[in-house]
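Colleague: Both chains are given apart, each in its own frame, so use the hints to dock them into the complex.
One-letter residues, chain by chain:
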Amino acid sequence: MALPALKESYAAGVNVVTLGATRDQGGTRSVAYKIGGAKTLPFMDTDGATGEKLLVAMDVLDIEPDWPDVLKAPYGAALKDPAAWAKKCVEEFGADLICLKLDGTDPDGANRSGEEAVATVKTVLGAVGVPLVVWGCGIDAKDNEVMPKVSAATKGERCLLGPAKQENYKRLAASCIADGHNIICLAPLDINIAKQVNTLVTEMELPADRIVMFQTSGALGYGIEYAYSIQERQRLAALAGDKMMMMPVICDVGYESWRAKEAKSSDAEAPEWGAQAQRGPMWEAASAIALVQAGADIIRMRHPKAVAAVKKALGGLQG
Amino acid sequence: MIAVAERINGMFKDVRKAIQKKDKAVIADLAQRQTEQGARYLDINVGTAAADQEAAMRWLVECVQGACKTPIALDSQKLPVIQAGLEACDGRPVMINSVSGDAEKLDVYMPLAVKHNASLVALTLNVEGVPQNVEKRVEIAMTIVAKAMEHGLDMPRVFIDPIILPVTVDQKQPLFICEVIKQIKTVLCDPPPSTIVGLSNISQGTTTRPLINRTCLVMLQAYGLDAAIIDVLDTDIMDAAITADVLLNRIIYSDSYLKSARM
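Chains as they are written, first to last, in this note's numbering: chain A, 1 to 319; chain B, 1001 to 1263.
Honestly, I wouldn't trust all of these hints.
As a list, the in silico DSSO-like pairs of lysine-lysine whose alpha-carbon atoms are at most 27 angstroms apart [said to hold, decoys possible]:
1. B/Lys1069 - A/Lys39
2. A/Lys34 - B/Lys1069
3. A/Lys170 - B/Lys1259
4. B/Lys1259 - A/Lys243
It should be emphasised that the hints constitute simulated quantities derived from the structure, not laboratory data.
Only chain B is shown next, with the shape it has when bound in the complex (with noise of 0.2 angstroms):
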């Protein structure tokens, strides 16, 4: 599982104070520390952090790529600053994350990530708002997975968000999540485009969010998820995860593995 950290971000007290008084220190210390925990990728998100939110995306990824190698997730709805990002990009792997699944959309990000070699996240939602149902999430898979296609995206590349929504608000969707995943992974296109959720979504407004993220999560790669946005520092989640990958065959046991999968 491809874990992409989500501390790194201006919604968190101690990121947004960071960005106001240009501590570097501090945001290295969070590149470091998740990415000895296995963050596969570092999501930067300004929030609201900022004024200039263009700049405050070019200071973090500065911070981030001075302080290790991982590769970055440039995470914003602004096309400005997910351009910035991607200027002050040293070369290292990137994901853009994310664009929504209408069509005009797609013609705008997917030449980006192709110009920049970047992966990409698409989301499962258009104008019309996020889908409630398998078929309508499916459908709009469909017309990322075709634009990828017609701008020269490879599949692997493209990173489909079927979108979670809380628990609290309707129960059924975790396992429509799944059916998703699955229909993904299988009926698309061959080789299948990645698959991303933002997790921490399923557990908001319960009072048990950590369990119900760790074991959303496992559901989810035992259907065929690729990569989640998640809190690396949480070992709880990542030994969970881990272990999942172990069990579906995707990693090679070892009596050290929840180590050698984080290296």
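With the rest of the complex left out, here is chain A (with noise of 0.2 angstroms):
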């Protein structure tokens, strides 16, 4: 007599969210994406639909950054330039999506306006054809200041903005509401708090299938365990059925990495350690792929080496 097939079923998935609006979605992106829409655990296709292949979206920051010099390498004179960066990301390293960072806002560093962050957002609107993730400074009083500045100039374009916290949610809810964007809820690696800020912005009529869910990210050797068992707890509420939860994910793999000293310390500084140029993308690769296996529908990154190596495993995992 056959063994019959032992597999798991789910009363419910993931939502699946869309990102970006083409010319006749009422946007100017030359593609959009889903996201989500897996009905098991991630890469269970024995057990059901694995959903949304999961997307890369490459860090380009508005001001040029502080980084090591091996992740500056590859992008070279570009750094100083968000729409060449971002055309860079695009056409030469595959990034599905472009998440642009407004660190340039940030009131203890350059402190620009909300209008010399529009104008930023839009200069890389028009080099590349991807949908755009905005990502604020992460100073509450500021991003509210420039986010629903920045939400207005891309009405229509359906992109991804954050961070909505338990804390300030109100304003950029409202934007995105306004504005046709998608949102991402943050919560600092607390499935309750990620939970809250979900049902808030909830009620605040902002549709569940425009939420993306963001429990911070750990690197390798930094917690990266609190955000994989967060994860994957998170997934399976959503199979069972928790409305709540079954948001899609993104996680911030490039910048958490390579703020470990694993991935940032020079040649001249950890000589035992092998050459950095090997190391910063492999602590960056390994640390994106334990979260991709927890269950994330998104994941920015900084290396291109980092990134080919992970696309190469998704394309394994993903077929």
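Modeller: Next comes the structure, spelled out in structure tokens:
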């Protein structure tokens, strides 16, 4: 007698969120993507539909970054020009999305205005055809000033804007509702708060299928296991039918990985660890692959070699 | 906990009147309010409100489907009434409530559930009546499981009801039901079938019905109960059930968990 196949079946799944709008959808993007839609655990295609393909968003900053040399090298002069930088990411490095991080608006840094931020966003939109993630500097008062302007200026483009937090979500949620964008709800490695932010934003009547969760991410060796187990638990809750846990997940791997001393220490500082040009991208790729396996829908990345390694691994996992 | 909302039942005066006068608004209002309070299924029972129960069932199903997207539980002991309801369904998830644990009846209802992609409530009673002990109930549950396997109904869609008797009839029964649920969830098969109770029977003839109902529900949840037919408009019982789900680690806590569990 043949053994019956052991299959898990689930009542529900991850929401599908649409990123970007093409011309006939009211935007200017050359491509729009869907993310989410999984009805099983990550890559368990024998149990159920694994949903849309995972997307790699490459980071572009609105200000020249203070990055390690090996991370700067692939970009060269483009790091001074967000439009050229974004173009390179898409055309040379295969980025599915651009994540424009508005670090230049940080009041403790360059303190650029909302208008300057809007100008940068527009040049990046003009330079590439992929959908855009736009991420505020993280200082609530400044984000509340800048992000509504960015939102209004990109109305109809169906961007992904963030982050909304438990203590600061109303302005951004209202902008996303008004301008047709998606929102990132952030909770700092706390699944209870994650659920709460999703609930609060949903209660403002931003549809649940326009929310993406950011649980914050760790790097390999720096708490990645917390992010991993939260994402895993969140996916299980989504599959069991918890509507406030069904949102797709974005991970910030590039920033976290290159904060780790294993990635950022130069060859001179750590000769025993091997060449940084290899070590850094490896650290980033390993962190990304771990989080991908916990259940992620978008990963933010930085080094082209790490992106290539992750895309190759995903090719094997997603078929 | 899957809350099956009990209010659209011809035994209630307002529903009875609505069926007789074809007053859609009353049914639509009940459907919407129960949905807002977290109903996962809306039970529809014609009761004795109409001579033509099949027509009344069709009408109720259409009223409910026009008012909300919530899945439906078709509640009747008569096969033609269930069939009328199934034919009126618009493709949303549906539950058949209910069939006894007699093999020959299961042979009719199981294929019906498979054909309509429905869930099926099966009671642990048979022609001999309601068993008074744990063993006989589990034995009937085993018959139900075997028939589900034979006809190819997915186990999670099989809802076994161990039959709650009023506490005033036999005070030993509630603990028996706990034990039956535990055994159904752990020893019959993997994945196990689902379990359901028609809760309000427990408090028949008592003076503290809501309190007995919600206390009993929380007890049964701790033993693995998946679903209950309850009054979801009773805020206290819904709050208790949702909180039990949090304490049993079945849903994730958040400050607004009482609200989000009803979404």
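Colleague: Each hint needs a verdict: does it hold in this structure or not?
Modeller: Results of checking the hints against the structure:
| no. | hint | in the structure |
| --- | --- | --- |
| 1 | B/Lys1069 - A/Lys39 | 21 angstroms, holds |
| 2 | A/Lys34 - B/Lys1069 | 24 angstroms, holds |
| 3 | A/Lys170 - B/Lys1259 | 19 angstroms, holds |
| 4 | B/Lys1259 - A/Lys243 | 11 angstroms, holds |
When held up to the earlier numbered hints, the structure conflicts with none and fits them all.
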